[in-house]
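So the protein lines, in turn, are chains A and B. Each number in my numbering comes from the position in the first sequence (counting from 1) with 631 added on. Each number in my numbering comes from the position in the second sequence (counting from 1) with 51 added on.
It is possible that some hints are incorrect.
Computed from the model, here is a short list of chain A residues facing chain B with C-beta under 8 Å [unchecked claim]:
(1) 644
(2) 647
(3) 651
(4) 653
(5) 656
(6) 668
(7) 669
(8) 673
(9) 674
(10) 675
With a straight-line cut-off of 30 Å between C-alpha atoms, the simulated DSSO-like cross-links for lysine-lysine are [unchecked claim]:
(11) B:432 - B:470
(12) B:89 - A:649
(13) B:325 - A:642
Selected chain A positions facing chain B (Cβ under 8 Å, derived; list incomplete) [unchecked claim]:
(14) 663
(15) 665
(16) 672
Just so you know, the hints here were simulated from the structure itself, not pulled from any lab data. Glycine included, C-beta positions come from ideal geometry on N, C-alpha and C.
Chain by chain, the residues run as shown.
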Amino acid sequence: MSKDLNNSNDKALEHLSKSLQFESVNENEAGQLAGGFSDAVSEEQLEDININIFKCKCSVKPTEPTTSTN
Amino acid sequence: MKTSQFNHDIFHNNKNYIYNSFSNKFIAIDATILDLFKALRTEEDIQDLSGYHPTFYQSLYKNGFIVEKDVDEVDKVRTLSKQIDSDETHYSLIVNPTMNCNFKCWYCYESHVKGSKMNNETVTKTCLLINNIITTKKELKTFHISWFGGEPLMYYKEVIAPIMAFADKICKEYGVEFDTQFTTNGFLFTDEMIEELKAYTVNGFQITLDGNKASHDTVRYVNAKRGSYDVIMQNVKKLCENNFSVGIRVNFTNDNLDDFEEVYKDLQKIDVEKRDYASIAFHKVWQVVEDAQTTERVNELIRKVKELGFAAHEGAVPDNVKHSCYADKINNATINYNGDVFKCTARDFSGGSKEGVLKDNGEINWNDKFDERMNIKFKNKPCLSCSILPLCNGGCSQHALENKDKDYCVYDFDENQKKEIVRKKLIRIAG
Chain A
632 MSKDLNNSND
642 KALEHLSKSL
652 QFESVNENEA
662 GQLAGGFSDA
672 VSEEQLEDIN
682 INIFKCKCSV
692 KPTEPTTSTN
Chain B
52 MKTSQFNHDI
62 FHNNKNYIYN
72 SFSNKFIAID
82 ATILDLFKAL
92 RTEEDIQDLS
102 GYHPTFYQSL
112 YKNGFIVEKD
122 VDEVDKVRTL
132 SKQIDSDETH
142 YSLIVNPTMN
152 CNFKCWYCYE
162 SHVKGSKMNN
172 ETVTKTCLLI
182 NNIITTKKEL
192 KTFHISWFGG
202 EPLMYYKEVI
212 APIMAFADKI
222 CKEYGVEFDT
232 QFTTNGFLFT
242 DEMIEELKAY
252 TVNGFQITLD
262 GNKASHDTVR
272 YVNAKRGSYD
282 VIMQNVKKLC
292 ENNFSVGIRV
302 NFTNDNLDDF
312 EEVYKDLQKI
322 DVEKRDYASI
332 AFHKVWQVVE
342 DAQTTERVNE
352 LIRKVKELGF
362 AAHEGAVPDN
372 VKHSCYADKI
382 NNATINYNGD
392 VFKCTARDFS
402 GGSKEGVLKD
412 NGEINWNDKF
422 DERMNIKFKN
432 KPCLSCSILP
442 LCNGGCSQHA
452 LENKDKDYCV
462 YDFDENQKKE
472 IVRKKLIRIA
482 G
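Construct the complete structure from the given sequences, taking the supplied hints into account.
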């Protein structure tokens with residue numbers, strides 16, 4: 632990850648954290664509810680999501696362990 | 052309207068959240084509103100919600116938590132998966148210059164083939180393959196080479212340098228962006244190599260640490276008297292100082308986590324202003340079963356290293372549809388040193404597993420295994436009704452192939468394990 636990407640990720644994280652805050656639930660004059668939930672946020676707003684390009688990125692264990700010749 | 056099959060609710064750090072694994076959206080939510088959300092069972096319930104909490108209803112609809120009644124959500128995932136795996140704008144080539152390595156790590160699944168080295172003929176054939184890809188794929192915008200093995204830097208001059216120079220030249224000629232990446236043990240870098248690499252867009256080196264100096268040197272050693280930790284750390288520093296991104300892969304077991312506090316001391320030798328070039332990813336050694344205590348300790352270590360100015364995350368949070376494995380994609384090939392062609396790199400490279408052969412004219416002659424792999428997804432019935440299908444999808448194509456004709460779940464049908472996946476995603480954004 633590049634230096635610029637790290638900096639922008641820090642900013643994105645700060646933004647995401649703010650976006651997860653919400654106003655308390657309240658009732659308006661028409662008797663409808665409002666508030667009580669935050670904006671919708673996604674980790675995709677962080678920029679360090681890469682294609683799974685690195686070796687051994689498997690998130691599950693190999694089903695057929697292999698043996699080394701060495 | 053109906054509720055999505057991909058909805059989750061999760062309690063984390065004294066807060067309630069809802070999450071949809073297709074839209075990949077989290078919403079923090081008041082406990083009272085969560086009760087309303089959980090009570091949405093019928094079409095009528097959803098209709099009622101639109102009346103008494105219209106803004107919440109709109110948010111749920113906009114972010115995929117409620118969907119039109121006739122929407123086939125699995126089909127939407129299938130369509131997305133196909134679109135991503137058949138993307139014609141990108142090609143990723145993985146090249147193994149050798150299957151030999153100067154280390155002998157206990158957990159490595161690769162077979163070390165002594166004396167193995169890509170010969171001139173295969174180097175030429177690989178260049179011809181690159182030529183074919185760049186000149187015939189009209190939609191191509193980006194071309195990537197990952198260097199892999201074995202230890203790829205064992206044959207930098209003889210294999211990597213000529214292929215990389217050729218790829219860079221032809222990509223420039225055809226207006227295709229070229230970048231490259233190395234999975235290396237980080238021991239064999241030279242100053243000359245680092246200078247040469249500055250001519251290319253190198254978007255990362257993955258280098259592994261197995262603990263502090265003492266632990267690392269018992270796993271990754273050159274010989275009985277010579278470990279590798281000091282040299283690798285020095286090279287990591289040098290790469291960062293030369294503005295190269297280094298992904299330090301930390302292989303952890305339940306026993307070596309305390310070691311990393313010492314590693315952090317060594318990492319601080321990297322100048323503060325250059326630390327952003329290093330990122331640390333924690334990966335559990337696959338033979339080890341992770342417990343809750345270990346998970347918390349890893350999170351603590353991630354927090355600590357971030358405070359020191361490095362980027363860090365847990366490396367293995369699945370997102371297998373939107374960010375599927377390279378092996379699942381049609382525009383990917385792994386060229387072994389001997390010209391055998393593979394897709395998956397997380398198994399051995401024995402001849403019996405190959406999925407194709409690189410021909411003299413630089414074309415790949417794929418065998419039946421390739422077609423089977425490209426059509427294996429969405430055949431496992433339990434996945435089709437699973438709430439994390441858009442994240443997991445039964446693992447990768449390799450996993451699906453190895454479990455062909457049987458119902459399986461990579462999380463052993465354990466809903467708690469699935470919930471942990473969602474929690475790990477949430478931790479990335481909410482801490």
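Verification of the hints:
1. 644: Holds, because the Cβ-Cβ distance from residue 644 of chain A to chain B comes to roughly 7 Å (cut-off 8 Å).
2. 647: holds, 5 Å
3. 651: With a closest approach of 4 Å, the residue 651 of chain A hint holds.
4. 653: Hint on residue 653 of chain A: holds, closest Cβ of chain B at ~6 Å, below 8 Å.
5. 656: holds, 5 Å
6. 668: Hint on residue 668 of chain A: holds, closest Cβ of chain B at ~5 Å, below 8 Å.
7. 669: Hint on residue 669 of chain A: holds, closest Cβ of chain B at ~4 Å, below 8 Å.
8. 673: holds, 5 Å
9. 674: Holds, about 5 Å.
10. 675: Status holds, d = 6 Å.
11. B:432 - B:470: holds, 20 Å
12. B:89 - A:649: holds, 25 Å
13. B:325 - A:642: holds, 18 Å
14. 663: Check passed: Cβ of residue 663 of chain A comes within 6 Å of chain B, closer than 8 Å.
15. 665: This interface hint holds because 6 Å falls under the 8 Å limit.
16. 672: holds, 6 Å
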